[in-house]
Amino acid sequence: MSAEITKVGVISCSGEALPEGTISRLATRRVLELLRPEVTVTLCLPLFLAGNDAERKFARTHPTITIDGCSKQCARWGTEQHSGPVSAALVVSDILGTESTGCHRSARDASQVDKEAVWEVAERIAAEVDSVLAKLTPGNMAVAPASAAQCACSSPVPGGKLNINGRTVSIPGLPLIFQQCAERGISISDGDGAALLEAVKIYHSIAPEDEAEYRSALLTAYREFRGGTKAAQ
Amino acid sequence: MGNELTESPVLVIPCSGIGKVHGLISREAAYLVTDELAPKQTDTLCLALLVKGDDEAVSAVRSHPCITIDGCAKVCAQKNVEMAGGRVTKAIQVAESFKNHRGAKPGNATVLTEDGWTIAREIADNVVCEAARVHADGEVAR
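Chains as they are written, first to last, in this note's numbering: chain A, 3 to 235; chain B, 11 to 152.
Hints listed in this document are in silico derivations from the structure and should not be mistaken for laboratory results.
It is possible that part of the hints are untrue.
[Claimed, not checked] Derived SDA-like pairs: lysine to any residue, alpha-carbon spacing no greater than 25 Å straight-line:
{"hint": "1", "chain 1": "A", "residue 1": "Lys-203", "chain 2": "A", "residue 2": "Asn-165"}
{"hint": "2", "chain 1": "B", "residue 1": "Lys-84", "chain 2": "A", "residue 2": "Gln-83"}
{"hint": "3", "chain 1": "B", "residue 1": "Lys-30", "chain 2": "A", "residue 2": "Ser-108"}
{"hint": "4", "chain 1": "B", "residue 1": "Lys-115", "chain 2": "A", "residue 2": "Ala-184"}
{"hint": "5", "chain 1": "B", "residue 1": "Lys-30", "chain 2": "A", "residue 2": "Ile-173"}
{"hint": "6", "chain 1": "A", "residue 1": "Lys-163", "chain 2": "B", "residue 2": "Gly-117"}
{"hint": "7", "chain 1": "A", "residue 1": "Lys-117", "chain 2": "B", "residue 2": "Asp-45"}
[Stated by the list, open to error] Looking from chain B toward chain A, a few residues come up when the C-beta cut is under 7 Å (computed):
{"hint": "8", "residue": "Gly-27"}
{"hint": "9", "residue": "Ile-28"}
{"hint": "10", "residue": "Leu-57"}
{"hint": "11", "residue": "Leu-59"}
{"hint": "12", "residue": "Cys-82"}
{"hint": "13", "residue": "Lys-84"}
{"hint": "14", "residue": "Lys-115"}
{"hint": "15", "residue": "Ala-119"}
{"hint": "16", "residue": "Thr-120"}
Backbone N, C-alpha and C fix where the C-beta goes; we use that ideal spot for every residue, glycine too.
Just chain A, with the same shape it has in the complex (with noise of 0.2 Å):
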């Protein structure tokens, strides 16, 4: 397997004066934190005009898709004027129509409402992120150098560790995917693992025949998780 991995440039626009712009921020965290964390990175978009030539360059070294608040698209717009072409655009109100209604810009007045739109979007971006992936073939794939402009904290975030069947396995974002869980209501008794089961194989791959193992590590993992935040008090 080569040490260079394609990635796709994902740029928010993360739009101050509205909820949407908030929602682009968060859904765009999410994809790089949780659903597709080895195959993404991102740039902040001012700085396509306050960084240097290698930050300029960013969407002609990525094949970038750009996640906007609203109709204005300043992210698609601001980033083929002074980086490069895109290779996909997403709107937040589009995806959301008047789901968006009732959310808000702070995260000091999120409610449920909030959380599900980010879902939401950063689920439709993760699927953006594949369709991308899926047209690019040797000859046309654009791959990142690792001297190429990126965040620092693009990298993925730190998986959760289970032993299954002897082995040990990692699994990236487990601690976000908990986190998650306990907003959904899940409890540290919840029978035999089968929600957290079903929660963590939307984004890790499971063979049936070792289900009965995750579950069994996922239960003993979450009650240790919820023991150690302030959620489980």
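Go by the hints and put chain B onto chain A.
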């Protein structure tokens, strides 16, 4: 810009950097100011509009004093406002605020901890003081 303003506002423009906690602190500090601490005297606008070169945004930063809050030394918010011809009366860097909070664990680019909110509030208080000074000195209507 969306607040119900009684005075010509000072624009508070964070970088909202997406890679580090500093960007989130800048963003939340700006909201603390515009939504809670000084909603009638301040407002914000999308920095991305300046990157795009939007005429209304360029006009806004040229006609209102601006306070920028940047996460890191690349000072994207300050540079973008200045490139658009805006006047930055105070440029704040979140990283500088960390000097008073050695060992703090502020969270990450997605969520702030109590330490992170404490730093955001300190920055917000700093911005409110500067906005009050700008109003007191009559710098708001150009």
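Hint check:
Distance hint between Lys-203 (chain A) and Asn-165 (chain A) is fulfilled; the C-alpha atoms sit about 16 Å from each other, no more than 25 Å. For the hint linking Lys-84 (chain B) to Gln-83 (chain A), the alpha-carbon distance of about 20 Å falls within 25 Å, and the restraint holds. At roughly 17 Å between alpha-carbon atoms, Lys-30 (chain B) and Ser-108 (chain A) fall within 25 Å of each other, so this suggested pair holds. Distance restraint check for Lys-115 (chain B) and Ala-184 (chain A): the Cα-Cα separation of roughly 22 Å lies within the 25 Å cut-off, and the hinted pair is therefore satisfied.
Taking the CA atoms of Lys-30 (chain B) and Ile-173 (chain A), the gap is about 22 Å. The hint holds against a cut of 25 Å. Pair hint Lys-163 (chain A) plus Gly-117 (chain B) holds up; C-alpha atoms about 22 Å apart against a cutoff of 25 Å. Proposed proximity of Lys-117 (chain A) and Asp-45 (chain B) is supported: the alpha carbons are some 21 Å apart, at most 25 Å. Taking 7 Å as the C-beta cut-off, the interface hint given for Gly-27 (chain B) holds, the closest approach to chain A being about 5 Å.
With a least beta-carbon distance of about 6 Å to chain A, the hint placing Ile-28 (chain B) at the interface is held under the 7 Å criterion. Using the Cβ-Cβ criterion of 7 Å, the hint placing Leu-57 (chain B) at the interface with chain A is satisfied: the shortest such distance is roughly 6 Å. The restraint placing Leu-59 (chain B) at the interface with chain A holds, with a minimum CB-CB distance near 6 Å, inside the 7 Å limit. For Cys-82 (chain B), the suggested interface contact is broken, since its CB lies about 9 Å from the closest CB of chain A, more than 7 Å.
Interface hint status for Lys-84 (chain B): upheld, as the beta-carbon distance to the closest one in chain A is roughly 6 Å, under 7 Å. At a threshold of 7 Å, the smallest CB-CB gap from Lys-115 (chain B) to chain A is about 14 Å, leaving the interface hint violated. Because the beta carbon of Ala-119 (chain B) sits about 6 Å from the nearest beta carbon in chain A, less than 7 Å, this interface hint is met. For Thr-120 (chain B), the interface hint holds, the least distance from its beta-carbon to any beta-carbon of chain A being 5 Å, beneath 7 Å.
Hint compliance for this structure: hints 12, 14 are broken, all remaining hints hold.
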